[in-house]
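Novice: Keeping their order, the protein sequence lines are chains A and B. Using UniProt numbering, the first residue of the first sequence is number 1, and each one after it goes up by one. Using UniProt numbering, the first residue of the second sequence is number 1, and each one after it goes up by one.
Keep in mind that the hints were calculated from the coordinates and are not lab data. One should not assume that every hint holds.
[Stated by the list, open to error] Straight-line C-alpha distance at most 27 Å; calculated DSS-like pairs for lysine-lysine:
1. A:Lys217 - B:Lys28
2. A:Lys26 - A:Lys164
3. A:Lys340 - B:Lys148
4. A:Lys217 - B:Lys108
5. A:Lys131 - B:Lys54
6. B:Lys65 - A:Lys217
7. B:Lys185 - A:Lys330
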Amino acid sequence: MKRKKYNIIFSVILIILLFVILYFAKLYLDDYKSRILNLCAIYTILGLSLNLINGFTGLFSLGHAGFMAIGAYTTALLTMPIPIKEQNFFMAPLISPLDKIVWPFLPSLILGGILAAFVAFLIGAPVLRLKGDYLAIATLGFSEIIRVIFTNTQRLTNGALGLKGIPNTTNLFWSFGIAVITLIVMILLINSSYGRAFKAIREDEIAAENMGINLFKHKILAFTIGAFFAGIGGGLLGNLIGAIDPLMFRFFLTYNILLIIVLGGMGSITGTVISAFIITISMEALRFLDESINLGFFTIRGIPGLRMVVFSVLLMMVILFFRNGLMGNKEITLDILANKLSKKPLTKGGVKR
Amino acid sequence: MNMLRTENITMKFGGVTAVKDFSLNIDKGEIVALIGPNGAGKTTVFNMITGVYKPTSGKIFLKDKDITGYRPDKITSFGIARTFQNIRLFKELSVLDNVLIANHLRIKSNFIEAIVRLPKYNREEREMHEKSIELIKRVGLLDVIHEKSSSLPYGKQRRLEIARALATNPSILLLDEPAAGMNPKETEDLTEFIKEIRDEFDLTIFMIEHHMQVVMGISDRIYVLDYGVTIAEGNPNEIQNNPKVIEAYLGVSEDA
Numbered sequence: 001m002k003r004k005k006y007n008i009i010f011s012v013i014l015i016i017l018l019f020v021i022l023y024f025a026k027l028y029l030d031d032y033k034s035r036i037l038n039l040c041a042i043y044t045i046l047g048l049s050l051n052l053i054n055g056f057t058g059l060f061s062l063g064h065a066g067f068m069a070i071g072a073y074t075t076a077l078l079t080m081p082i083p084i085k086e087q088n089f090f091m092a093p094l095i096s097p098l099d100k101i102v103w104p105f106l107p108s109l110i111l112g113g114i115l116a117a118f119v120a121f122l123i124g125a126p127v128l129r130l131k132g133d134y135l136a137i138a139t140l141g142f143s144e145i146i147r148v149i150f151t152n153t154q155r156l157t158n159g160a161l162g163l164k165g166i167p168n169t170t171n172l173f174w175s176f177g178i179a180v181i182t183l184i185v186m187i188l189l190i191n192s193s194y195g196r197a198f199k200a201i202r203e204d205e206i207a208a209e210n211m212g213i214n215l216f217k218h219k220i221l222a223f224t225i226g227a228f229f230a231g232i233g234g235g236l237l238g239n240l241i242g243a244i245d246p247l248m249f250r251f252f253l254t255y256n257i258l259l260i261i262v263l264g265g266m267g268s269i270t271g272t273v274i275s276a277f278i279i280t281i282s283m284e285a286l287r288f289l290d291e292s293i294n295l296g297f298f299t300i301r302g303i304p305g306l307r308m309v310v311f312s313v314l315l316m317m318v319i320l321f322f323r324n325g326l327m328g329n330k331e332i333t334l335d336i337l338a339n340k341l342s343k344k345p346l347t348k349g350g351v352k353r
Numbered sequence: 001m002n003m004l005r006t007e008n009i010t011m012k013f014g015g016v017t018a019v020k021d022f023s024l025n026i027d028k029g030e031i032v033a034l035i036g037p038n039g040a041g042k043t044t045v046f047n048m049i050t051g052v053y054k055p056t057s058g059k060i061f062l063k064d065k066d067i068t069g070y071r072p073d074k075i076t077s078f079g080i081a082r083t084f085q086n087i088r089l090f091k092e093l094s095v096l097d098n099v100l101i102a103n104h105l106r107i108k109s110n111f112i113e114a115i116v117r118l119p120k121y122n123r124e125e126r127e128m129h130e131k132s133i134e135l136i137k138r139v140g141l142l143d144v145i146h147e148k149s150s151s152l153p154y155g156k157q158r159r160l161e162i163a164r165a166l167a168t169n170p171s172i173l174l175l176d177e178p179a180a181g182m183n184p185k186e187t188e189d190l191t192e193f194i195k196e197i198r199d200e201f202d203l204t205i206f207m208i209e210h211h212m213q214v215v216m217g218i219s220d221r222i223y224v225l226d227y228g229v230t231i232a233e234g235n236p237n238e239i240q241n242n243p244k245v246i247e248a249y250l251g252v253s254e255d256a
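Next comes chain B alone, as it looks inside the complex (with noise of 0.2 Å):
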């Protein structure tokens, strides 16, 4: 079943033109990551598909719905959840709120009904909290459940910036440099915690990442960005022996 799709999505800033042309298509349960040399336009795609940018032409669906030119609260609310290259948590608030804020999305309950805690709303908030305590849970941070987020270390505020994501009740998740910054043990911990949450949570996983480690330990498929142009589709392997994506990560050599 086809879950993201976008079409010829380009994004011009001004002169410059980013993303050119950005054909995708995601099956689900797929992961399929997305790399290219800094630079190339990778953050762009995710943020014309999570809504941030609109993009300048082309069009996205997800579940073959189009979904161009929503905010990004909507889209959130489709069913796209994401994460940030450099952390964005709320950092002076514990990890439960944190992981309670991804929730409220889901709200029935208008703000009157909130101050004046009617059972209904005293329902939804219990059903926020277990779920947001399960999650916590699961992925390992129940002992800092009410610490400041920003007072943790780096590998779990990025667990913590997943689990957050996971709270809107994503159906693909959307992951910019989950490995960054990461010692090998912590890398090694990550791709097997993307693969358990992918089937945990009836995932589809779309990744940016450097990591080459990862990205072929654990991607179906990958795309391959070169100044904005996709320069190359396929498996890890395929990949690997592609020499356009060898070109554009180490350069030509001169006497070839």
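Here chain A stands alone, though its shape is the one from the complex (with noise of 0.2 Å):
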């Protein structure tokens, strides 16, 4: 019980200090660094929820474009100033009564949360009774159902032209606070007995509805909750790059989510923060890939798009060799720190690990 109150304490701390640092990093640096590291923030926000679906719940659901896209469409529609909308929809006017209303951020975002929770609950009750490779593909289908619905309502959606101009509310406060909310969330939610459920239902199905577990409940529970989350990310996007398309939403970014989350480990959340940090850094780092390289004696003319090679070769590699990812199911907690930084040996009934 002591110890609890320590860790939160230590929590606390840990969180003010990131916000400290956040503070200096947005007055020293720059529009690009300053917006990987908000793409970091989003990318983790997003990868928890995805591994609360799949990680954790071992639901593979490939549908998160798809909760993204609602998410930043009502956002971004909400958050819009009049005029910049009457701009975007010249060739058809935007539904009223969006055209008249410009709310703040905050509920926007929730509101585009709660969009996403609601269709992920109305797609969850016939999708999720399907199990494994099915449940991906409808899933996936979904996505792109949403994505090409989004491309063919023209007044809702300005279609294929897409939204410009999103005011850029996204910023590293907003990005990161989001971002702590939602681990936060992740945590105390798989740590409570709603967790163990959603894991058990990951290890043994049957066993988990023998010993009273409602599957259908409890699916639909993680799927919805991982939507919301996904709606809010999708949000946070929006507002940072400030021009949304139905063509962002393709399978390629649940793909980039899925490499998080099965780079970083199945079921682990740290695994899952560490991981989109890396990814989202390493896939700006390597964008020199795409351009042209002197080597000195040969030149290797630039393709676009052979960074992304990286990451296939990696993920086939994680795949093939370390199929826990960097971190398996198994966390970093306080408790291992504290241990780890006064070298003491973990020990568990006797045991020195």
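With the hints in hand, could you dock these two chains into one complex?
Specialist: And the structure:
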């Protein structure tokens, strides 16, 4: 119990420290670097939410891009100032009352999350009866359906033209603030009785059901919570980049997040956070691969997208040799850190580990 | 008092009748065994009672309440717990988590209350922990409470599975071959253990078992299935001398 109290105090100190660092980062980092940091935080949110569905509950869902699209469009349409809306919708006017209302950022984000969660709830009912690959295909199909709908609802989403001039409200405080909240909610959820039920479903559905866990209810719950945070992540992303269009939310986006959780470890929160940062930063750092490289004796012609090959190879390596990813389903907790720092061997039942 | 009753339950898979007109009557506090050669339909009976399969026809009653066709999780909440023929623990999770999960069906807080850690939820969580630790201590797994369940030796995994089933607060416990793969010493311990938990937790026990030592040692009554048909029913003594049972197990002699 005492330890718990220390942990809470220590976590609070860490969070304050993080925001102090962010304050200075905001002062001194240029736009490019702070955008990458923002992306890191947003991918953390997305990774955590997908890991809840795929890693903890064991539902192989590939519908994340769809949920993000819902969140991104909701947030963008609600936060865009009226003159900019008029500029965007020159082909066909935006349906009322959306053309008249402008909401602050936070409620828009939350509504984006709620809408994504609501859609997840609706499609979850039929889709979550499927298992394994079939579920993956169905959710992937759903995500494409959302994209196609958004391409064709000219008066709601401006169709293939997308939305431009979305206010760049997302800054380091927003993205990291919400990432920290997501992280805390995930930790609290996973370590609660509900989190244990999710893990039980992942481990063995038949046993879980026979131990009195309502499979359907818990699957829907995990799916909906995951979609909620995906919607919020999408909203943050839209208002960070400033322009969204349906093509942004192709399967490719889900694949990026999937890469993060597979590399980080399905079922590890710390793994997801670490790998979200690694992947996002290296995606930028490896950009030189897309340009032509002069090796002195030989010049490689720039092939756009070559850096993605690195990630594909990485993913194959992980699946072949490190099936568990960076962390497996283990976590780095404050307890473990404290033990490491004080050089005390971790003992459990007298066994030195 | 009547605990579990089935009325002519029949299970057909396509053209195959796995179990035909199985009628069972178990009173409170009894230990009843279900035996029969391989493929006789014993596990199918279990799966019908626990809701994994919906019987093609017939009815199942728990304490005179019709439970036919309910989902497995509902049936567990009514008070039927089971173990599996091939152990089905939550392999990657600790011994404690395995037992804690079986407490989840009684949780009253919703997930938001759980995330926010309302005092109501904290109290429930504390009660779950205390109860689970008590159970783990009872089955003698306290020294491995934080170990991954798949790392336990076979006998202990069996015990953990029983502990997990007990954590759902059952009034009747269904054991599917609890002694499978155990050595004579472990088998003897298990027999004792089953009797003890029956008395301690006020249980009724219905089990499938091949180990005749266990079956004859502790059962009050035995049902014998062969090709889905009930061929005999009675106390161990009657069953041992029943010609039909001997025939099903050993075959008929040529010159008979």
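Novice: State for each hint whether it applies.
Specialist: Hints, one by one, checked against the model:
no.	hint	result
1	A:Lys217 - B:Lys28	33 Å, violated
2	A:Lys26 - A:Lys164	25 Å, holds
3	A:Lys340 - B:Lys148	22 Å, holds
4	A:Lys217 - B:Lys108	14 Å, holds
5	A:Lys131 - B:Lys54	21 Å, holds
6	B:Lys65 - A:Lys217	25 Å, holds
7	B:Lys185 - A:Lys330	37 Å, violated
This entry does not satisfy hints 1, 7, going by the numbered hints stated previously.
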